[in-house]
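**Student:** Line by line, the protein sequences are chains A and B.
Residue 95 in this note's numbering is what sits at position 95 of the first sequence, and the numbering runs on without skipping anything.
Residue 48 in this note's numbering is what sits at position 48 of the second sequence, and the numbering runs on without skipping anything.
Any given hint might turn out to be false.
[Claimed, not checked] Just a sample of chain B residues kept apart from chain A, beta carbon distances all over 12 Å, derived:
#, residue
1, I21
2, G67
3, S69
4, D74
5, K77
[To be verified] DSS-like, lysine-lysine: derived pairs with alpha carbons at most 25 Å apart:
#, chain 1, residue 1, chain 2, residue 2
6, A, K25, B, K7
7, A, K2, A, K25
8, A, K70, A, K2
9, B, K77, A, K25
[To be verified] Just so you have them, the derived chain B footprint on chain A, three or more residues with Cβ under 8 Å:
#, stretch
10, 11-25
11, 28-39
12, 121-132
If you're looking for bench data, these hints aren't it; they were derived computationally from the structure.
Glycine included, every Cβ here is placed at the ideal spot set by N, Cα and C.
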Amino acid sequence: MKFAIQVNEGPYQHQASDTAFQFAKAAIENGHEIMRVFFYHDGVNNASSFTLPPQDDRHVVNNWASLDIKDADGNPELVVCVAAALRRGMLDESEATKNSIEGNNLHPAFRISGLGQLIEAGIQSDRLVVFGD
Amino acid sequence: MLHTVNKSSFERNSLQSCINIIDDTSVILFIEDGVINAANNSKSSMIADLAAQGRVFALQGDVEARGISSKLADNIKLVDYAGFVDLVVEHGTAVSWV
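Same shape as in the complex, but just chain B (with noise of 0.2 Å):
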């Protein structure tokens, strides 16, 4: 399954939620706000060992718009709207973290 979660992890409890009852072939897509879950800060140990496994993303324009390109945590993968797209079509059922 895909996993969109577009909140940061400093406003909602949605990434925890969704870190909790995620198998082990799911992967993670932050978009909006919530590419600031993708930024080197106090809560990047959230989603390290998914990172390391290659199983978190993050949208480009969303990160570009919020200024945290170079402040990225490790081993996130970014995507653009295609990419976005694909990993819909690749990952099944996309479950929306809002």
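So here's chain A without its partners, still in its complex pose (with noise of 0.2 Å):
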């Protein structure tokens, strides 16, 4: 079956994307697809490159990358919205370019895009799966 999952809150601060991860783990490892992950919100921080945990915890920007999720060309399902993206400072090359900002810090398993991806999500995905607080 075809998952959509949206991701509402960041890592490190709400249980969300810890379940929202073990959830697309879980259906991936039977034999579901994932065929987006989209990040609302605060949910955006789960794409940080900068992201540094001790040694002892979980990587949560690394877990969803380790996840693999792409389309059919290769290009990341792990998507970002890009609005809520902006106001917080989360930046790929090419936002950062145009706004003259030095620095970037969008992980590369992820891409920035519209809410449109949203609705393409729930409406080409069987089901859509909300994680939030």
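Need the complex rebuilt from these two chains, each delivered in its own frame; the hints are there to steer you.
**Tutor:** What follows is the structure, encoded as structure tokens:
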């Protein structure tokens, strides 16, 4: 079955992103497809490549990246809402350049896109599951 | 439908809101702090009837993390994450009460 997941909370703040990750992992292990994970609101913080938890703690960002969720062309399907990301200082290279800001922090396993991607995921998947506070 | 509840009813009214609108074929899954609702406590009567019908589930890892494995209310079914996935597959639309 084709699943889409929406994550509304950041890592290390609320359990939602951990639950969402464990759910996604279990779905994949049981033969299902995760067609997209959409990170909205504070959920965009799950995509920060600057995340450095202590070595004995789980690495939520790398956990998401390890799921290797991509489309048929190899583009990441870990999708970060652009408006939510920019207002929280989450930038990829192109957004940083466009806004004349030095440095960028979007992990390469993720991509920035718009809210339409959430609607599309709701239409194209068999199930959309939302995790939040 | 599958209704997930992630808050204790000592904290929010989401479980009551869910019970108010739930239909005869839907099930409830408690996750995160929602598993407090699966413990035998002063609010257990809220879910007693649904649980007796086998329609109340709780995520095992979250139950264990909160130390309530030995204090569960009657007829609560425990599931792991794979069981959570199966519930979503089986019951169609998943509604997240947050």
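**Student:** Decide, hint by hint, whether the structure agrees.
**Tutor:** Okay, the hints, checked on the actual structure:
Even its closest Cβ contact with chain A, about 17 Å, leaves I21(B) beyond 12 Å, as expected for a residue assigned away from the interface. For G67(B), the shortest C-beta to C-beta distance to chain A comes to about 16 Å, beyond the 12 Å cut-off, and the non-interface label holds. Every beta carbon of chain A lies more than 12 Å from that of S69(B), the smallest distance being close to 18 Å; the non-interface claim holds. In this structure D74(B) is separated from chain A by more than 12 Å, as the shortest Cβ-Cβ distance comes to about 26 Å.
With 12 Å as the threshold on Cβ separation, the claim that K77(B) sits away from chain A holds: the shortest Cβ distance comes to roughly 17 Å. Under the criterion of a C-alpha separation no larger than 25 Å, the hint pairing K25(A) with K7(B) is consistent with the structure, at around 23 Å. At roughly 13 Å between alpha-carbon atoms, K2(A) and K25(A) fall within 25 Å of each other, so this suggested pair holds. Of the pairs offered as hints, the one joining K70(A) and K2(A) holds, with about 13 Å between alpha carbons and a cut-off of 25 Å not exceeded.
Straight-line distance between C-alpha atoms of K77(B) and K25(A) comes to about 22 Å, which keeps the hinted pair within the 25 Å bound. Counting residues of the stretch 11-25 of chain A whose beta carbon lies closer than 8 Å to any beta carbon of chain B gives 6, which meets the minimum of three for the stated coverage. Beta-carbon proximity to chain B at under 8 Å applies to 3 residues in the stretch 28-39 of chain A; the threshold of 3 is reached and the given coverage holds. Under the rule that three or more residues need a Cβ within less than 8 Å of chain B, the assignment of the stretch 121-132 of chain A holds, with 6 such residues.
Every hint from the earlier list agrees with this structure, and none is contradicted.
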